[in-house]
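Chemist: Spelled out from the first residue to the last, the chains are:
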Amino acid sequence: MHNSGPPINGHPVSEFDLPVDEVTCQQFVELVTEYFGGVLPARTTSQIEEHLVMCDWCVTYVEQIHATIASLRELGDERPPEPPDAVLAALRARKAGGT
Amino acid sequence: MQPEPAVAPARTAPSEEQTLAALRAGDEGAFRDLFAHSYPMMKRVARTYVASDAVAEEVVQETWLAIVMGIDRFEGRSTLGTWMFSILTNQAKTHSGREKRALPFSCAAPSDTEEPVVHPDRFQKDDDAWPGHWATPPRPWQKPERRLLSLEARDHLKAALAKLPDRQRTIVGLRDVEGHSAEEVCDLLGLSQENQRVLLHRGRSRLRAVLEEYLDDGDV
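Protein sequences, first through last, are from chains L and A.
Residue numbers for the first sequence follow our numbering, beginning at 2 and rising by one.
Residue numbers for the second sequence follow our numbering, beginning at 624 and rising by one.
Don't read these hints as lab results, they were simulated from the structure.
What you are looking at is a predicted structure, and each value in this text was computed from that prediction instead of being measured.
The beta-carbon is built from N, C-alpha and C at its ideal position, and this holds for glycine as well.
Hints should not be assumed to be uniformly reliable.
[Unchecked claim] Coverage of chain L stretches by chain A, computed from C-beta distances (three or more under 8 Å per stretch; other residues unrestricted): (1) 34-41; (2) 68-74.
[Said to hold, decoys possible] Listed below are several chain A residues computed to face chain L (Cβ distance under 7 Å; list not exhaustive): (3) G755; (4) H756; (5) P761; (6) Y837.
Sequences are here, hints too, so could you generate the full structure?
Modeler: Below you can see the structure in the form of structure tokens.
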């Protein structure tokens, strides 16, 4: 029985209906973004959750992904530059009633 | 099911009506807020069309001039954001016509396609005791309550982000650096959700690997 739905990472969804009862670590690292995006078939999601209960190493991997994302977010706190003078001049002309 | 990893939302912006009124009135404070809020995204998108950060900054500046000068011509047939973005892409395409061609997001590039996000040698082989499970597992980076990364590690991450393939850099930048939602990014770039996820997955995974190598080498 195959799930329908859009392809994942270019693969048909049915490929993510894992034929065995467990997901491996090697499979999990390829699916982590889809897992957090909530787009995997229900059975695969359950298998991943069971795997994460038992595999501290994959939990560490998830923590590293989270840490990477959080660190990337900190990069976004950098201040943008000042608006260019020409734009400010146009804005001020507008306020003064110019074109 | 665990939720999507917490990503802080994009900074709150005023309503479209407020923004439009402010621009038309020449309200410098409101303009500065809008400029600061939009600049990172605009530069990141411009950069997908042109060959350098400097030219991308030039494109954004020209875009803003066109927006301020032309704001009275905005008729509301699209959202203000869509109108601003169309000016941005037109300006960028004018520049890119003098440089390299823009690669459409809908086409796959070799760097975006099939290779494992973690090297296969890190996992046990078929004739090992637990095929597919970690052979060389990841090591915890640090205690959760400590600051995430040192400033040096952040600089390393920033450099690694700049070196990602163009599409991955753009998606990771918009999603993880600037906090835009998947829907916003897909609308902005004309991407399917699937393509956006693939690019995000590959970019994030590559950056995790870079950080892992850096932190393991330093044994921080």
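Chemist: If a hint holds in the structure, say so; if it doesn't, say that too.
Modeler: Consistency of the hints with the structure:
1. 34-41: Coverage by chain A holds for the stretch 34-41 of chain L (7 residues, Cβ < 8 Å).
2. 68-74: holds (count 7)
3. G755: Since the shortest Cβ distance to chain L is 3 Å, the answer is holds.
4. H756: For A/H756, the interface hint holds, since the closest Cβ of chain L sits about 5 Å away, which is under 7 Å.
5. P761: 5 Å, holds
6. Y837: It is violated, given that the least Cβ distance between A/Y837 and chain L is near 11 Å, above 7 Å.
When each numbered hint is compared with the structure, a violation occurs for hint 6 only.
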